[in-house]
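> Read off the chains here:
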Amino acid sequence: MRILLVEDDVAQLEPLQTALSQAGHIVDGVEDGAIAKWVICQRDYDLLILDWMLPEISGLDLCRQYRQAGKTAPVLMLTAKDTTLDKVTGLDAGADDYLVKPTDVFELLARVRALGRRSPLWQGETLQIADLQLHLSTLIVERGQATVELSAREFQLLEYLMRHPHQVLSRDQIEQALWEWGSEPESNATTTLVRRLRQRLQVVGAADWIETVYGIGYRINPEASKKLHP
Amino acid sequence: MFNRSRRNLAHWFTLSMGSILVIFAGTLYYQETLQQLGVIDSLLYKKARIIAGNIQYKLYQGKKRAILKNVPLLGNNPPSPDSEIIYARWYDAEGKLKRFFGVPPQEQLSKTAEFQTIKTTYNSGSSTSKVIWLRQLTLPVQHQGKLIGYLQMAMPMTRAQESLNRFLLLLILTVLMALAATSLMGWFLGGLAMLPIRDSYEQLQRFTANASHELRAPLAAILSNAQVGLLAPGDQDAAKHLRLEKIVAVAKSMNTLIGNLLFLARRVGCLAPESLKQIDLSDLLKELIESQTTQTVAQHLNFNCDLLPQEIVVKADPELLYQAVMNLVSNACKYTPADGLVELRLFIDCHRAVIQVEDSGIGIPAADLPHIFERFYQVDKQRQSSVGGFGLGLAIAQQIVLAHGGNLSVKSKLGQGSMFQIELPL
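The listed protein sequences derive, respectively, from chains E and D. To convert a position in the first sequence, counted from 1, into the working numbering, add 22. To convert a position in the second sequence, counted from 1, into the working numbering, add 827.
Hint data in this document are derived by calculation from the structure and do not stem from the laboratory. Every residue, glycine too, gets a C-beta built ideally from N, C-alpha and C. Honestly, I wouldn't trust all of these hints.
What the hints assert, rightly or not - To spell it out: a stretch of chain E is covered by chain D in this simulated footprint if at least three of its residues, at any positions, have a beta carbon under 8 Å from a beta carbon of chain D; those stretches are:
1. 29-35
2. 38-48
3. 110-117
4. 126-140
Stated by the list, open to error - Among chain D residues calculated to face chain E with C-beta under 8 Å, some are:
5. Arg1043
6. Ala1047
7. Asn1082
8. Thr1083
9. Leu1084
10. Leu1088
Said to hold, decoys possible - With a straight-line Cα cutoff of 30 Å, these simulated DSSO-like cross-link-like pairs (lysine-lysine) come out:
11. D/Lys925 to D/Lys891
12. D/Lys957 to D/Lys923
13. E/Lys109 to D/Lys946
14. E/Lys109 to D/Lys923
15. D/Lys973 to D/Lys923
16. D/Lys1161 to D/Lys1240
17. D/Lys1067 to D/Lys1104
18. D/Lys923 to D/Lys885
19. E/Lys109 to D/Lys874
20. D/Lys1079 to E/Lys109
21. D/Lys1104 to D/Lys1073
22. D/Lys874 to D/Lys946
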């Protein structure tokens, strides 16, 4: 999932961003309400995690404005405000879930998974193309009897490819989808990542499934291996 | 909450000021009545003295008699039209009627020497008759120290009554207006009195909200950093893992402490009426027992409950009350060794719902008993640290019970166990 995490305290933002990234999500971390507002307009997210008390625009206002703009992605309020009235206010402003700080990271990850399941793009815990299965919660690829565990980055690439089967995805599209807001991936970053993923997929005999379309980009295609090894 | 207190203040202010006003007006009316009566009495007495002064007492046909010939009203002279006297009667010394003017009287005088108020029906000449109040004076008349007879006279109190009625109407109107003004003033003063309370309440709310944020933010950072450390892939260092787990445990325990402290700070005084609901204590305790069973099994404790089968309905905040009982039960479980017994009872005693939590645990020394509901009070540091906790659970339970208008008490014997009892008004 592509997640926008808005938290003004870097000491909290950084570990949460790391935890969410390690769980296979692409996370844009923002420290300021005004910047978050601008970012929301520029990109679509699958989930927003908002702190309440933020500089410039509060998380509550952000949530309201996001809903008023007609956007439907789930919003999780993550805040130290813990009275019943606060929770009611937060949920009434359009949040789908409310967590009081300090949050157990494992609980946060479970909530994020739960909110992800509500997304219209949700296709179940496992993505499948031909006989290749990608387990979203464990980052494990399974084909027949063989399994292989992916790193978060490799998982994100494979998930993106599998969500767009048989579709040629340009390097730009992949960079936009996989790299966080504002980060500058190196020119060969996508190539390197594809190479790493292919190596991993070798274990399950699906390395050739990722097809290079010269001059354009990549696509996942189970038929590609048959072309190479008829 | 503040509007309710303000209304209460205004009510009590109006009630007390109103009572004072009514008593004051009543006294005024009573004094006025006495004064009016005094005026009539002195007038009546003066007229009676004049009439009595005209009575002659001399020998007539060989016997001394009272001669009434020249006496006004009773004699031959016609009464003056403005005399106001309804009737005048002359009785001899034995009380026998000798002569009268006006309304026909009784033959025999029944009472002697006094002023009397009499209610009578008066024929005003035409066919209509009306009820009027009369003031009657019976005056003993003496001649050279010897009683020669009684003069009885009466005059109407109509004029005084009219004046009194007017005065009463004025008083009622004034009191009503004063009451209205008082209630408005009470509402205004109530608002003024509420201002500092509202300020301090809002200040407390702001303080707890800020404290909550400022204390929890670093804790959140500690907890998430430690947990991300635990999540890190490929890190198999057991000692490092253990330390991170310890940091997580300490951060969570700090969070519980902060939560408890904020709870105590926020809920000072009585509960807002909107948070109170009619709840069945039996249902509440059954729910608690279900959640408690796993813990008691894990600790190898015997858990007994004795609840009345009937509904016991009290007005309470269910979440808070649940927490209060839960704190007592957890406390009992903490200090009861394996194979011990924890009992939960619910019954009614003297129009109060009683919840008892009894354990067969280690008990509390008599010297510590008066202090165990104090915040952060720990009976034995060593003992406390072995079971965890900060010494706030009982303080919280007591605060919750007191906020519900109830009472929390404890009985304990060292080595034999303790019994905590919550009493709640039905």
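> Taking the hints in turn, state whether each one holds.
The hints, checked one at a time:
1. 29-35: Per the Cβ count (3), the hint holds.
2. 38-48: holds (count 4)
3. 110-117: violated (count 0)
4. 126-140: Satisfied; 3 residues make the cut.
5. Arg1043: holds, 4 Å
6. Ala1047: holds, 4 Å
7. Asn1082: holds, 5 Å
8. Thr1083: violated, 11 Å
9. Leu1084: Violated: closest Cβ of chain E sits about 12 Å from leucine 1084 of chain D, beyond 8 Å.
10. Leu1088: violated, 13 Å
11. D/Lys925 to D/Lys891: holds, 14 Å
12. D/Lys957 to D/Lys923: It holds: about 29 Å lies between the C-alpha atoms, which stays within 30 Å.
13. E/Lys109 to D/Lys946: violated, 76 Å
14. E/Lys109 to D/Lys923: violated, 97 Å
15. D/Lys973 to D/Lys923: Judged against 30 Å, a Cα distance of about 17 Å means the pair holds.
16. D/Lys1161 to D/Lys1240: holds, 16 Å
17. D/Lys1067 to D/Lys1104: violated, 50 Å
18. D/Lys923 to D/Lys885: holds, 19 Å
19. E/Lys109 to D/Lys874: violated, 89 Å
20. D/Lys1079 to E/Lys109: Given that 30 Å is the threshold and the Cα spacing comes to 21 Å, the pair holds.
21. D/Lys1104 to D/Lys1073: violated, 41 Å
22. D/Lys874 to D/Lys946: holds, 21 Å
Checked against the numbered hints above, the structure breaks hints 3, 8, 9, 10, 13, 14, 17, 19 and 21 and satisfies the rest.
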